[in-house]
Amino acid sequence: MEKLKKLFSPFSVVPLAGWLLGGFSAVLMEYYLGDLISYYLYLPKIPVLFGTLIMLKKPLLIPSALAYDLIVYIVPIFLVARLTAPLTNGLAALLERMPLWLATLIHLAAFYGVLSTWAGISDYRVLVVKLTMISVILTLSLNVINGYQGEFSCSHPGFMALGAYASSILTLLLFANDKMFGAPLLNPALGPYLFPLVLVFGGAVAALGSLIVAIPSFRTRGDYLAIISLAFLFIVKSAIENLEIFGGPRGMSSQPNYATLPVVFSWMALCIWVVHNFTTSVLGKALNAVRDNEPAANSMTVNTRKTKMTAFMFGAFWAGVAGGLFAHVLRYVNPGTFGLNKLAEILAMVYFGGLNSIYGSIVGALSISVLSEALRPLELFKWIIIPLILILVMIYRPHGLISFTELNVKGLIRPRNKARQEGGE
Amino acid sequence: MRKLIYLVLAACVLTLCFSANGWTLGRETVIKVGINAPLTGDIPKVGEGTKYAAEMWLEDVTKAGGIEVGGKKYPVELVIEDNESKAESAVTANTKMITQDDVMIIIGPQSSKQAIPAGDVANNYQTPMISPWSTNPDTTAGRPYVFRGCFLDPFQGPVLANFVTEEFGFTKAAVLYDVASDYPKGLAEFFKAAWEEKHGAGSVVAFESFTTKDTDFSSQLTKIIKSGAEVLFTPQYYNEVALIVNQAKDLGWKGPIVGSDSWGSAETVQLCGEACYGLFFSTHYAAAGAQGATKEFIDRYNAKYGYVPDDVGALTWDALRLAQTAIEGAGELTGDIKKDRTAVRDALAKIKDFEGITGKMTFTEEGDPIKCAVIVKISDKGEYEFYKSICP
Amino acid sequence: MDIILQNIINALQWGSFYAVVSIGYSMVYGVLMLFNFAHGDIFMVGTYIGFGIATLMLALFSAIMPGWMIFILVILVTMFLASFVGVFVEVVGYRPLRGAPRASAAITGLMIGIIFETGNLIILGAQRFSFPALIKSQSYNLGGIYVTNVKVLIIAASLIMMLSLHLFIKKTKWGMAMRAMSYDFLAVPLMGVSINVIAPLTFAIGAGLASVAGILYGQAYPVLDPYMGIQLGWKAFVAAILGGRGSIMGAALAGYLLGFIEMFVPLVFPSTFRDLIAYSIILVILTFRPRGFFGMEHSTQLRL
Numbered sequence: 296m297e298k299l300k301k302l303f304s305p306f307s308v309v310p311l312a313g314w315l316l317g318g319f320s321a322v323l324m325e326y327y328l329g330d331l332i333s334y335y336l337y338l339p340k341i342p343v344l345f346g347t348l349i350m351l352k353k354p355l356l357i358p359s360a361l362a363y364d365l366i367v368y369i370v371p372i373f374l375v376a377r378l379t380a381p382l383t384n385g386l387a388a389l390l391e392r393m394p395l396w397l398a399t400l401i402h403l404a405a406f407y408g409v410l411s412t413w414a415g416i417s418d419y420r421v422l423v424v425k426l427t428m429i430s431v432i433l434t435l436s437l438n439v440i441n442g443y444q445g446e447f448s449c450s451h452p453g454f455m456a457l458g459a460y461a462s463s464i465l466t467l468l469l470f471a472n473d474k475m476f477g478a479p480l481l482n483p484a485l486g487p488y489l490f491p492l493v494l495v496f497g498g499a500v501a502a503l504g505s506l507i508v509a510i511p512s513f514r515t516r517g518d519y520l521a522i523i524s525l526a527f528l529f530i531v532k533s534a535i536e537n538l539e540i541f542g543g544p545r546g547m548s549s550q551p552n553y554a555t556l557p558v559v560f561s562w563m564a565l566c567i568w569v570v571h572n573f574t575t576s577v578l579g580k581a582l583n584a585v586r587d588n589e590p591a592a593n594s595m596t597v598n599t600r601k602t603k604m605t606a607f608m609f610g611a612f613w614a615g616v617a618g619g620l621f622a623h624v625l626r627y628v629n630p631g632t633f634g635l636n637k638l639a640e641i642l643a644m645v646y647f648g649g650l651n652s653i654y655g656s657i658v659g660a661l662s663i664s665v666l667s668e669a670l671r672p673l674e675l676f677k678w679i680i681i682p683l684i685l686i687l688v689m690i691y692r693p694h695g696l697i698s699f700t701e702l703n704v705k706g707l708i709r710p711r712n713k714a715r716q717e718g719g720e
Numbered sequence: 235m236r237k238l239i240y241l242v243l244a245a246c247v248l249t250l251c252f253s254a255n256g257w258t259l260g261r262e263t264v265i266k267v268g269i270n271a272p273l274t275g276d277i278p279k280v281g282e283g284t285k286y287a288a289e290m291w292l293e294d295v296t297k298a299g300g301i302e303v304g305g306k307k308y309p310v311e312l313v314i315e316d317n318e319s320k321a322e323s324a325v326t327a328n329t330k331m332i333t334q335d336d337v338m339i340i341i342g343p344q345s346s347k348q349a350i351p352a353g354d355v356a357n358n359y360q361t362p363m364i365s366p367w368s369t370n371p372d373t374t375a376g377r378p379y380v381f382r383g384c385f386l387d388p389f390q391g392p393v394l395a396n397f398v399t400e401e402f403g404f405t406k407a408a409v410l411y412d413v414a415s416d417y418p419k420g421l422a423e424f425f426k427a428a429w430e431e432k433h434g435a436g437s438v439v440a441f442e443s444f445t446t447k448d449t450d451f452s453s454q455l456t457k458i459i460k461s462g463a464e465v466l467f468t469p470q471y472y473n474e475v476a477l478i479v480n481q482a483k484d485l486g487w488k489g490p491i492v493g494s495d496s497w498g499s500a501e502t503v504q505l506c507g508e509a510c511y512g513l514f515f516s517t518h519y520a521a522a523g524a525q526g527a528t529k530e531f532i533d534r535y536n537a538k539y540g541y542v543p544d545d546v547g548a549l550t551w552d553a554l555r556l557a558q559t560a561i562e563g564a565g566e567l568t569g570d571i572k573k574d575r576t577a578v579r580d581a582l583a584k585i586k587d588f589e590g591i592t593g594k595m596t597f598t599e600e601g602d603p604i605k606c607a608v609i610v611k612i613s614d615k616g617e618y619e620f621y622k623s624i625c626p
Numbered sequence: 009m010d011i012i013l014q015n016i017i018n019a020l021q022w023g024s025f026y027a028v029v030s031i032g033y034s035m036v037y038g039v040l041m042l043f044n045f046a047h048g049d050i051f052m053v054g055t056y057i058g059f060g061i062a063t064l065m066l067a068l069f070s071a072i073m074p075g076w077m078i079f080i081l082v083i084l085v086t087m088f089l090a091s092f093v094g095v096f097v098e099v100v101g102y103r104p105l106r107g108a109p110r111a112s113a114a115i116t117g118l119m120i121g122i123i124f125e126t127g128n129l130i131i132l133g134a135q136r137f138s139f140p141a142l143i144k145s146q147s148y149n150l151g152g153i154y155v156t157n158v159k160v161l162i163i164a165a166s167l168i169m170m171l172s173l174h175l176f177i178k179k180t181k182w183g184m185a186m187r188a189m190s191y192d193f194l195a196v197p198l199m200g201v202s203i204n205v206i207a208p209l210t211f212a213i214g215a216g217l218a219s220v221a222g223i224l225y226g227q228a229y230p231v232l233d234p235y236m237g238i239q240l241g242w243k244a245f246v247a248a249i250l251g252g253r254g255s256i257m258g259a260a261l262a263g264y265l266l267g268f269i270e271m272f273v274p275l276v277f278p279s280t281f282r283d284l285i286a287y288s289i290i291l292v293i294l295t296f297r298p299r300g301f302f303g304m305e306h307s308t309q310l311r312l
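Protein chains in written order, with this note's numbering: chain A, 296 to 720; chain B, 235 to 626; chain C, 9 to 312.
Same shape as in the complex, but just chain A (with noise of 0.2 Å):
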């Protein structure tokens, strides 16, 4: 460990911005020059995740694999970051001194032409990164009600699928000339720019069907919003299978491609702003107070039960958002994916990832996507290997694995290169 803190001292100085712009290096390298690097290796192609499904299929090309992923991606981002880092701790002093909204954006505009330099590779990585985005939406939505707020929802899956339909419902109806309603009320140009609306008009539909769930389960409290929120889970799947109108359970499908890489990476950043934000509020603090003590909080005039209705309202919201991009995502959405298995997947995440912490959600959303797709030439023995992960896990790290932290983007894009008391990262 301290050998390894060691090896790595020389990059304490480096900022946010130096690591971007080594990745943004790196992918631009495997941009021009990963075809050919990779046919040196015998590679049959650019690995797609880093190597790892070829390594699992073709335990031959292991070697091959490491080596590009020294080469492509562990070298280059090393080097370049180190080397300039004296010029970009400049960068993200200038940075600092900007208001934070400016130094922000600008931070995630370079995060995204990393991100899409790198998918643009192949189109299984934009998918990849998709559903991953969509996975932190969820898991960060399901993390205001299962940590801020402390209780035990089944029903996401339920909320992901009331979104999912009435986005799709809407878009199918407004901009796509589909057999189900036939010819587009209104002129499909505009689909993408009213596309926001859309999914709003989505999670506001999960809010609202949240209602059914809140306000029976929070006139006492206690454990009875589990079965509730699971009853919701049953409620919807099979109010769903029985709407011939929307296709049963047939599905809906050719909703039209709307959820694009930008698309879906703007909604994760404006869902890690707002719920940031929300968690920070007066109100985020009230929901802490009432999960740590009822009787207190309410004593310190919180209303508990307004708080808890608008934080569930809220995750709801969330998680209808989410259902909308993943329906446009895969352009098909059928009652049967918003089962039991999607609630495992989702609950797997945000307790794995860390509860009452963006960062855990988007730890947890990460690995779990990007750990069940890696893995999938094992096929059945993956089903082993991620929940013994997943136990190991919360034997050793009981509150998952970054909990209880709050997301800090001044400290996460300071300059590095003098010393500050609290410690470099």
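FYI, nobody ran anything at the bench for these hints, they're computed from the structure.
Accuracy of the hints is not assured; some may be wrong.
Per the computed footprint, the stretches of chain C lying under chain A, defined by three or more beta-carbons under 8 Å from a beta-carbon of chain A, are [unchecked claim]:
1. 65 to 76
2. 85 to 91
3. 127 to 137
4. 234 to 247
5. 263 to 270
Each residue gets a CB set at the ideal place from its N, CA and C atoms; glycine is no exception.
Please build the complex by placing chains B and C on the supplied structure of chain A, with the hints as guidance.
Quick look at chains B and C alone, frame taken from chain A:
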């Protein structure tokens, strides 16, 4: 810092060693065939059948030295992806196989709930796809690159309605189906429509449903028995068939029970026991009493994996053979995968009177085969006997 | 009229499974305040153990023993073996997490369940098995109502099990310790009753009951598959909470209630709406009785 530089240098030297003869080696053209199968999830048996049939096919092709296209033999590789029986995984698996593995053609997914979204992906990337088992019309509708290997629900429903009417002369039927699964639900509705067209509105006296994974049907069956129906139609999968038939007998049901192609698994009889003897169902092929290539396939499969293949295995086999015929008929491989895929697609659409083990096939414009259905009777020994064949 | 009577019998049979399985949830919930989400899969494993034992016993003893003796033997051996599965789950999944957030323990349970399902699939393959009939099913026609001997057996055996469990909890020392534990989780260990004995015991009893339910289930619905525990488990979980925290009687009653709702809804309404209406009824019940049927008066405090 210095250590690090050494490390980097060492890594660079290492990779240079690797690349010493990289220039001289060309990448061989390999024909890759993608298999999108539910190896895990709700219906692992379907995935297993798909995989086994594909492996048997690969064995054959490898023995022949590959597929011959334009006078040149190309080696064949299978890319088997697990779709976990989930729609989104089927989409990612298809995307991966098309953009990453450069497959020539995709076989699968089997169930319609995965084949519909996955077919969209295949069509968008202009990659031919054959779903061996998906009977939902939406899978191929409006998608020139998507084909299927089986007949459709709108065909099977009337076939069964006609068969029951002619065979038994009944006028009142009951239907029990899974409302949450698109295949049984679709077929149940087509059967109902066909039956009511024949015998007038209200002749389907009970139209009852349950939800996937239910095991107790006594409430619905009680209702069906009291409704005075003469025949029970249940287009369910083999595991549910065993339960439905046994519970119906326990509750006093005396009439015949009729099923659809989803019954056609070796496990139906094994799970159901004697209660299923003497029942009828429609399917793609009959294992018992099969002849020629069908028998050969069944025997080989049975010898290799220890059980008689069900319809999924047989249909997957046919789909793979179709794919092979199409690739062989594509003229020549240019090496440009996009052009080759379109050539394969065109060859596939042109195939006429293909002799499959599940019957003769010619594709319609939508990519659906025109095929005959087979009515099978479960004999007193528990074997699937050919009873009659009904052609469109 | 006979349609109603017929459905009462159907519902009693179906509710018995919910009742017996939900008792397992309810006991763990009562003693440790945990949701044991692995319980549905413990039921599955118990059924498979029962399947193995039954096949073995039938092969060994069917010549020398009458059927009912084999049946009882199978039940006893399976109960014994399955209780170790329960203990295993407790020791591996829940003991390291004592004092951790309850939800984390719930996740471990969920994951152990997935490992059980997948492990089963890896070991036994995708083939489904048919549970051997230990009791030859016979259908009797009582004035238009069809009753099978298996049905009677299932209802009777479940009632006997629940009654003996009730006596165990009310009359024995161990039962008293368990009741004490559910009353005060912190003070009881100070009285010299170790949680490390009571908790495995609770899991063992739950798993034993679930395995018997599994054998009975195998008699009524003889198709085994690795995912058979999921739906039954989640629904039994609903019944357990509906019954009230830690109340065995409540869990059993709620199990039967759930069985009745699921059977009678298709009778009155179109059966496509069964889940929709059944769970709406539960939602309404909980709205008016938010603590379940036999829930304790004080509100349960979450330990997070």
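Query raised in the report: Do three or more residues of the region 65 to 76 of chain C come closer than 8 Å to chain A, measuring C-beta to C-beta?
Result: With 0 residues close enough to chain A, the hint is violated.
Requested in this report: Apply the coverage criterion to the region 127 to 137 of chain C and chain A: a residue qualifies when its Cβ sits closer than 8 Å to a Cβ of the chain, and three qualifying residues are needed.
Outcome: holds (count 3)
Query raised in the report: Counting residues of the region 263 to 270 of chain C with a beta carbon closer than 8 Å to any beta carbon of chain A, are there 3 or more?
Result: Answer violated; 0 residues pass the 8 Å Cβ test.
Requested in this report: Given that the region 85 to 91 of chain C was listed as covered by chain A, double-check it with a C-beta distance under 8 Å for 3 or more residues.
Outcome: It is violated: at least three residues are needed, and the region 85 to 91 of chain C offers just 0 whose Cβ sits closer than 8 Å to chain A.
Query raised in the report: Does the region 234 to 247 of chain C contain three or more residues whose Cβ lies closer than 8 Å to a Cβ of chain A?
Result: holds (count 5)
Checked against the numbered hints above, the structure violates hints 1, 2 and 5; every other hint is satisfied.
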